[in-house]
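*Asks:* Residue numbers (this note's numbering), protein chains in the order written: chain S, 47 to 647; chain R, 9 to 599.
It is possible that part of the hints are untrue.
Derived BS3-like pairs: lysine-lysine, alpha-carbon spacing no greater than 30 Å straight-line [to be verified]:
#: 1; chain 1: R; residue 1: LYS235; chain 2: S; residue 2: LYS167
#: 2; chain 1: S; residue 1: LYS88; chain 2: S; residue 2: LYS381
#: 3; chain 1: S; residue 1: LYS88; chain 2: R; residue 2: LYS235
#: 4; chain 1: S; residue 1: LYS381; chain 2: R; residue 2: LYS235
#: 5; chain 1: R; residue 1: LYS235; chain 2: S; residue 2: LYS476
Computed spacing ranges between beta-carbons, pair by pair [unchecked claim]:
#: 6; chain 1: S; residue 1: THR510; chain 2: R; residue 2: ARG406; range: 19 to 25 Å
#: 7; chain 1: S; residue 1: GLU384; chain 2: R; residue 2: GLN126; range: 48 to 54 Å
#: 8; chain 1: R; residue 1: SER437; chain 2: S; residue 2: VAL211; range: 31 to 37 Å
#: 9; chain 1: R; residue 1: SER437; chain 2: S; residue 2: LEU144; range: 51 to 57 Å
#: 10; chain 1: S; residue 1: GLN617; chain 2: R; residue 2: ASP535; range: 39 to 45 Å
#: 11; chain 1: S; residue 1: GLU384; chain 2: R; residue 2: SER421; range: 51 to 57 Å
#: 12; chain 1: R; residue 1: ASP504; chain 2: S; residue 2: ARG279; range: 20 to 26 Å
#: 13; chain 1: S; residue 1: THR510; chain 2: R; residue 2: ASP370; range: 51 to 57 Å
#: 14; chain 1: S; residue 1: GLN617; chain 2: R; residue 2: GLU342; range: 53 to 59 Å
By construction, these hints were calculated from the structure, which means they are not laboratory data.
All residues carry an ideal CB built from backbone N, CA and C; glycine is no exception.
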Amino acid sequence: MRVWQPGGHLTQRRDAPEIDDWSWARTARRISTLASLTRPYKGRTMLAIVSLLLATATALAPPFLAKLAVDDGIRERDLDTLTWIVIAFVGAGVASFLTAAAQTYFTGWTGERILADLRNKLFRHLQRLSLGYFERNRAGVIISRLTNDVDALDQLVTDGVTTLVQSTLLLFGTAIILFLFDWRLALAALSVMPLMAIATALFRVRSSRAYRDVRERLGLVTATLAEDIGGIRVVQSFRREGRNQRHFEEVNAHYREANQQTVVLNGLYFPFVDFLSALATAVVIGYGGWLASQGEISVGTLLAFVLYLANFFDPVQQLSQLYNTFLAAVAALDKIMEVIDEEPEVRDNPDARDLERIHGDVRFDGVRFGYGNLPEVLHGIDLDVPAGTTVALVGHTGAGKSTIAKLLARFYDPRKGRITIDGTDLRDVKQGSLRRQLGVVPQEGFLFAGTVRDNIAFGRPDATSEQVASAARAVGAHQFILGLEDGYETNLQERGTRLSLGQRQLVAFARALLADPRVLILDEATSSVDIGTERKIEEALGKLLSDRTAFVIAHRLSTIRGADLIVVVEQGRVVEQGTHDELMTKQGLYTSLYGDWADVA
Amino acid sequence: MAETPAYRHTFVRLLGFLRPYKWSLAVSIVLAIGAQAAAVVAAFLTGDALEGAVSSDDRRTLWLVALAIAVTGLVRALFMMGRRLIAGRQALGIEYDMRNALYSKLLRLSFGFYDRHQTGQLMSRATVDLQAVRFFLGYGLIFFFQHVTTIVGVTAVMLVTNWRLAVAATAITPLIVILAYRYSSVSHPVLRDVQQKMADVATVAEENIVGVHVVKSFAQERAEAGKFARRSEEVFGRSVEANRQRATYVPLLSFLPLIAQAAVLLFGGRMVANGTLGFGEFIAFNILVVMLVMPLRMLGMWIGQMQRATASGERIFEVMDEAEEITEKPGAVELPPGEGRIRFEHLSFEYAPGRPVLEDVDLELEPGRTVALIGHTGSGKTTLASLIPRFYDATTGRVTVDGADVRDLKLTSLRRKIGIVAQDPFLFSETVFENIAFGAPGATPDDVERAARLAQAHEFIEDLPAGYDTVIGERGITLSGGQRQRLAIARALVMDPRILILDDATASVDATTEAKIRLGLREAMKDRTTIIIAHRLSTIALADELVVLDGGRIAGRGTDAELLRTNPVFREIYEHGLLEREFAERVEARA
Numbered sequence: 047m048r049v050w051q052p053g054g055h056l057t058q059r060r061d062a063p064e065i066d067d068w069s070w071a072r073t074a075r076r077i078s079t080l081a082s083l084t085r086p087y088k089g090r091t092m093l094a095i096v097s098l099l100l101a102t103a104t105a106l107a108p109p110f111l112a113k114l115a116v117d118d119g120i121r122e123r124d125l126d127t128l129t130w131i132v133i134a135f136v137g138a139g140v141a142s143f144l145t146a147a148a149q150t151y152f153t154g155w156t157g158e159r160i161l162a163d164l165r166n167k168l169f170r171h172l173q174r175l176s177l178g179y180f181e182r183n184r185a186g187v188i189i190s191r192l193t194n195d196v197d198a199l200d201q202l203v204t205d206g207v208t209t210l211v212q213s214t215l216l217l218f219g220t221a222i223i224l225f226l227f228d229w230r231l232a233l234a235a236l237s238v239m240p241l242m243a244i245a246t247a248l249f250r251v252r253s254s255r256a257y258r259d260v261r262e263r264l265g266l267v268t269a270t271l272a273e274d275i276g277g278i279r280v281v282q283s284f285r286r287e288g289r290n291q292r293h294f295e296e297v298n299a300h301y302r303e304a305n306q307q308t309v310v311l312n313g314l315y316f317p318f319v320d321f322l323s324a325l326a327t328a329v330v331i332g333y334g335g336w337l338a339s340q341g342e343i344s345v346g347t348l349l350a351f352v353l354y355l356a357n358f359f360d361p362v363q364q365l366s367q368l369y370n371t372f373l374a375a376v377a378a379l380d381k382i383m384e385v386i387d388e389e390p391e392v393r394d395n396p397d398a399r400d401l402e403r404i405h406g407d408v409r410f411d412g413v414r415f416g417y418g419n420l421p422e423v424l425h426g427i428d429l430d431v432p433a434g435t436t437v438a439l440v441g442h443t444g445a446g447k448s449t450i451a452k453l454l455a456r457f458y459d460p461r462k463g464r465i466t467i468d469g470t471d472l473r474d475v476k477q478g479s480l481r482r483q484l485g486v487v488p489q490e491g492f493l494f495a496g497t498v499r500d501n502i503a504f505g506r507p508d509a510t511s512e513q514v515a516s517a518a519r520a521v522g523a524h525q526f527i528l529g530l531e532d533g534y535e536t537n538l539q540e541r542g543t544r545l546s547l548g549q550r551q552l553v554a555f556a557r558a559l560l561a562d563p564r565v566l567i568l569d570e571a572t573s574s575v576d577i578g579t580e581r582k583i584e585e586a587l588g589k590l591l592s593d594r595t596a597f598v599i600a601h602r603l604s605t606i607r608g609a610d611l612i613v614v615v616e617q618g619r620v621v622e623q624g625t626h627d628e629l630m631t632k633q634g635l636y637t638s639l640y641g642d643w644a645d646v647a
Numbered sequence: 009m010a011e012t013p014a015y016r017h018t019f020v021r022l023l024g025f026l027r028p029y030k031w032s033l034a035v036s037i038v039l040a041i042g043a044q045a046a047a048v049v050a051a052f053l054t055g056d057a058l059e060g061a062v063s064s065d066d067r068r069t070l071w072l073v074a075l076a077i078a079v080t081g082l083v084r085a086l087f088m089m090g091r092r093l094i095a096g097r098q099a100l101g102i103e104y105d106m107r108n109a110l111y112s113k114l115l116r117l118s119f120g121f122y123d124r125h126q127t128g129q130l131m132s133r134a135t136v137d138l139q140a141v142r143f144f145l146g147y148g149l150i151f152f153f154q155h156v157t158t159i160v161g162v163t164a165v166m167l168v169t170n171w172r173l174a175v176a177a178t179a180i181t182p183l184i185v186i187l188a189y190r191y192s193s194v195s196h197p198v199l200r201d202v203q204q205k206m207a208d209v210a211t212v213a214e215e216n217i218v219g220v221h222v223v224k225s226f227a228q229e230r231a232e233a234g235k236f237a238r239r240s241e242e243v244f245g246r247s248v249e250a251n252r253q254r255a256t257y258v259p260l261l262s263f264l265p266l267i268a269q270a271a272v273l274l275f276g277g278r279m280v281a282n283g284t285l286g287f288g289e290f291i292a293f294n295i296l297v298v299m300l301v302m303p304l305r306m307l308g309m310w311i312g313q314m315q316r317a318t319a320s321g322e323r324i325f326e327v328m329d330e331a332e333e334i335t336e337k338p339g340a341v342e343l344p345p346g347e348g349r350i351r352f353e354h355l356s357f358e359y360a361p362g363r364p365v366l367e368d369v370d371l372e373l374e375p376g377r378t379v380a381l382i383g384h385t386g387s388g389k390t391t392l393a394s395l396i397p398r399f400y401d402a403t404t405g406r407v408t409v410d411g412a413d414v415r416d417l418k419l420t421s422l423r424r425k426i427g428i429v430a431q432d433p434f435l436f437s438e439t440v441f442e443n444i445a446f447g448a449p450g451a452t453p454d455d456v457e458r459a460a461r462l463a464q465a466h467e468f469i470e471d472l473p474a475g476y477d478t479v480i481g482e483r484g485i486t487l488s489g490g491q492r493q494r495l496a497i498a499r500a501l502v503m504d505p506r507i508l509i510l511d512d513a514t515a516s517v518d519a520t521t522e523a524k525i526r527l528g529l530r531e532a533m534k535d536r537t538t539i540i541i542a543h544r545l546s547t548i549a550l551a552d553e554l555v556v557l558d559g560g561r562i563a564g565r566g567t568d569a570e571l572l573r574t575n576p577v578f579r580e581i582y583e584h585g586l587l588e589r590e591f592a593e594r595v596e597a598r599a
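Hey, can you work out the whole structure from these sequences and the hints?
*Replies:* So, in structure tokens, the structure goes:
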């Protein structure tokens, strides 16, 4: 059973599990990865294994006791013995109940514990990775490592392993018991096995293909539905109802066709297995009855054969169904291991130290940079920014403004040259100590699900309510926050969608202000908001920028004009820098870009 | 069981989905019963054979019985095959029908409905709830009948054979049904909880990955890992709870049938010993008791499932029963020819009773002119514009387009003549071409390119990897805000609309992009009535005339020069935006 998750259709796996590496080294690593997770829970793992073995053994007892009841009790008309055997029968049932309960509990507990640990471990690892990793990979894919892939493992760890062991033991256990009873009859009963094996093998291949189709096409149905509901207003505005309905029916019909395949496969396979089971019983009755009439075997043995055969084929079916779960889990495990193997590109040097309280002098010395193996995008940036300066980065989209900002926050390291704060190379300090003194305000004010208070106190979780309120007041957000239904305790939905764009911006400002960074990096929003909000944002900006070194990727004219230093970036180079007035006298790129309105101002 | 009248009503309505399949349902049930009957016959045959094996050594009879068992097995397999194929087809048919019906209803529901409901909620109904219902209607009912008839039939056979032993054997069976039902109902909320908590984990994961730059900037990795771990532990806690239930009920449900078997062994054995029961019947009893186990367990599960399916059905019917607020009148007519004269006649509108958004708006827009609606957030601009394509109906008063009341018009003929561009336009995961031709199914590549050129989009489209055939959106490449905006404009223009509505269409792009878009718009607005809703003065400047809205009323109308003198709202916007406007105009002049 599932609940609908927003964006779920994006992370649903639509590709079939494909495992190309079955080498020993790889397999050993997979096993050791899983085994290392059970290590802290050795005791419970052992209990799980022991109870599993006991549960399987006790499950095999009842038909054997039924045989004894017939042979030693009923046939001998020995009612005392019969009573004792039935008591043993119930006793075996109780033992089976207790061991099965223990087994379910311990395997379940260990399985869930392992998964929780794996999730946490994976998450912590993801957080260690550098920004580059997140920019190279789609968010949906990364999220699905933590959700879908851990889920796929869940099925293996909680159910799969148990089924695998139990089914195998039951299969061999039953076979051994049958052979011990009478090898000839056992051989006769198992004569249908080859047919069973062939049918199962055929079924497995076909059905795994068919179910993959079903999953893919159901994914398409869900995605279409999600998109059309999301865009319903556009659909109705453009009167596309008819065509969309036809399209949806088509997608839906495709899904039905794929499903029809599985209906046919199941409809053929399962009755066939049932028939084989009947056939085996017929053989046992015919041949076994003859043996019994000859006195070669007891009639109780014959009954035991019939009873054992009734459930003999279940493990075969379960094992064949497990195969797909198993493949999916291995594929998931591989993907998870791939993430765990990923090393952060930006790492703290072994001898990195904590950065002392920043004064705020920032220097770029001949900084060259390119993403990954891609061509260089910054070709030698030199900047000297004294503490307390507001720097406006201007230039066309793609000129390299954001890249400069990211390097300053040390989300990446330069290929050549160096960046220093107060004379210290960023590569010589611990990332945490740098970023704690740095404030980064992203463009559209990314907020988290949680209360307004939590969002403002994001960078300083220990801040008092008073401090939170005073930061909000300083940027002019206090008023509207009080207007929300629960004030600072109002719960924001994911990404703070309940707030308007401008309000989100103000909360993001308050968050940055409360963290009281020594150096601020700000990407101004491009969106225009209504006039009242616009005013507030401008005032808040003034507050935020005063007394600290600030790099602003500027879009507002007021910000550009108010900056102490304007840096014009063009194709990865600083082409001009200076104050507004200085740049105006140069009659360079800045003048041609922004100069026109200067005469108006 | 909560058997309220409403519950029963929903249940009966759900059964209505079976109507087209009543014959296949009947055949399935007959086949299912046939298969079970074959199994009962096989049980007695086995009993006979074993009895024969001890009492005589008539080999021929023995082999005949064996053959009969094999034939019965074959018959049973054929019955099952037929049942599976027919019932499976029926289940898929029901699912298909329901999904289409729900989708078509969703298409017909009006804007008002979508204002009140979130996509997630609706998706949940169309996926999770639908799943529960279709599973119950598709397979559940047949299994239900099969199980009930098996239990009744097998019990009856046992009673007829030996009522004393039958009573001893079945005494415990009601307990199995009750426990299975209990398990099904106690585990469901816990399992749903696990899923819900998983969704919380996914939320934190998503936020931290999408917002990774914020987390890193504030060096909050540790705190976030703690948050994630707490959510993760909650999943663990609930999972362990679910596991505990499983560890109690599942082994118990395996254990109870053993008691019934033990009763057969004990009492049946005694009866055989003192000659009141045939040995063959004794064996048959042993097999029949085993046959009862599965149906008993499933019966309990199905009762639980049925309740949940009905609850899901209720949620689906809630959507299906929702009134379609905007529908065409029976005698609706085509939009008369004209140039796009729009009149709002003493119009008022409220989303919720008693809270008017627009009050007594009386306004006439001349054909071919461009009007900017301005005012603070919440002044009613967007609402006013959305009454023209009849996304909502006016509470009092009326809207006419070229003399016709919009409520008298066919929706297609009205909306196909109105092009709308929103602030954050929704594009579909299709090719650029399909997105532009979205509202004009017959558009040729030439039409599409012309519209794209007008919207200043042609150039960047050509630069995309596959030009007009590039797939965009979730399954394709990501476009920037400005690019999406221009595609939306092209999409509106390709229909050659009589009326163009630009609702904050340039708000989320930077000044340079806005200038480019504006350039396209100037051209596009020719010969159409255009309504612009905007904050930027530079965009407002495209208008021939301005209408100021304040608190749902018209607070002023005129050119910017006139309003600057008379209207304080406009003056505020003007003074603040002057600089930007000048800037924008120069950028445009250079572009």
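*Asks:* Going straight from one Cα to the other, do LYS381/S and LYS235/R come out at no more than 30 Å?
*Replies:* 24 Å, holds
*Asks:* Quick check on a hinted range of 53 to 59 Å for GLN617/S and GLU342/R, using CB atoms only.
*Replies:* 55 Å, holds
*Asks:* Taking 20 to 26 Å as the stated bounds, is the beta-carbon spacing between ASP504/R and ARG279/S within them?
*Replies:* With a Cβ separation near 21 Å, ASP504/R and ARG279/S satisfy 20 to 26 Å, so the hint holds.
*Asks:* Between THR510/S and ARG406/R, does the C-beta distance stay in 19 to 25 Å?
*Replies:* Violated - the Cβ-Cβ distance for THR510/S and ARG406/R, about 57 Å, lies outside 19 to 25 Å.
*Asks:* Decide if the proposed pair is consistent with the structure: LYS235/R and LYS167/S, CA atoms, cutoff 30 Å inclusive.
*Replies:* 13 Å, holds
*Asks:* When you check the alpha-carbon spacing of LYS235/R and LYS476/S, does it fall within 30 Å?
*Replies:* With Cα atoms ~23 Å apart, LYS235/R and LYS476/S stay inside 30 Å; holds.
*Asks:* How does the Cβ-Cβ distance of SER437/R and LEU144/S compare with 51 to 57 Å: does it lie in that range?
*Replies:* For LEU144/S against SER437/R, whose Cβ atoms are near 55 Å apart, the range 51 to 57 Å holds.
*Asks:* For the pair we were handed, LYS88/S and LYS381/S, check the Cα-Cα distance against 30 Å.
*Replies:* Holds, at about 26 Å.
*Asks:* Is it true that the CA of LYS88/S sits at most 30 Å from the CA of LYS235/R?
*Replies:* It holds: about 27 Å lies between the C-alpha atoms, which stays within 30 Å.
*Asks:* Using the beta carbons of GLU384/S and GLN126/R, state whether their distance is inside 48 to 54 Å or not.
*Replies:* 35 Å, violated
*Asks:* The hint says 51 to 57 Å between THR510/S and ASP370/R; measuring C-beta to C-beta, is that right?
*Replies:* Holds: the Cβ-Cβ distance is about 54 Å, inside 51 to 57 Å.
*Asks:* Should the hint that SER437/R and VAL211/S are 31 to 37 Å apart at their CB atoms be regarded as holding?
*Replies:* Violated - the Cβ-Cβ distance for SER437/R and VAL211/S, about 44 Å, lies outside 31 to 37 Å.
Taken one by one, the earlier hints fail for this structure at numbers 6, 7 and 8, listed in ascending order.
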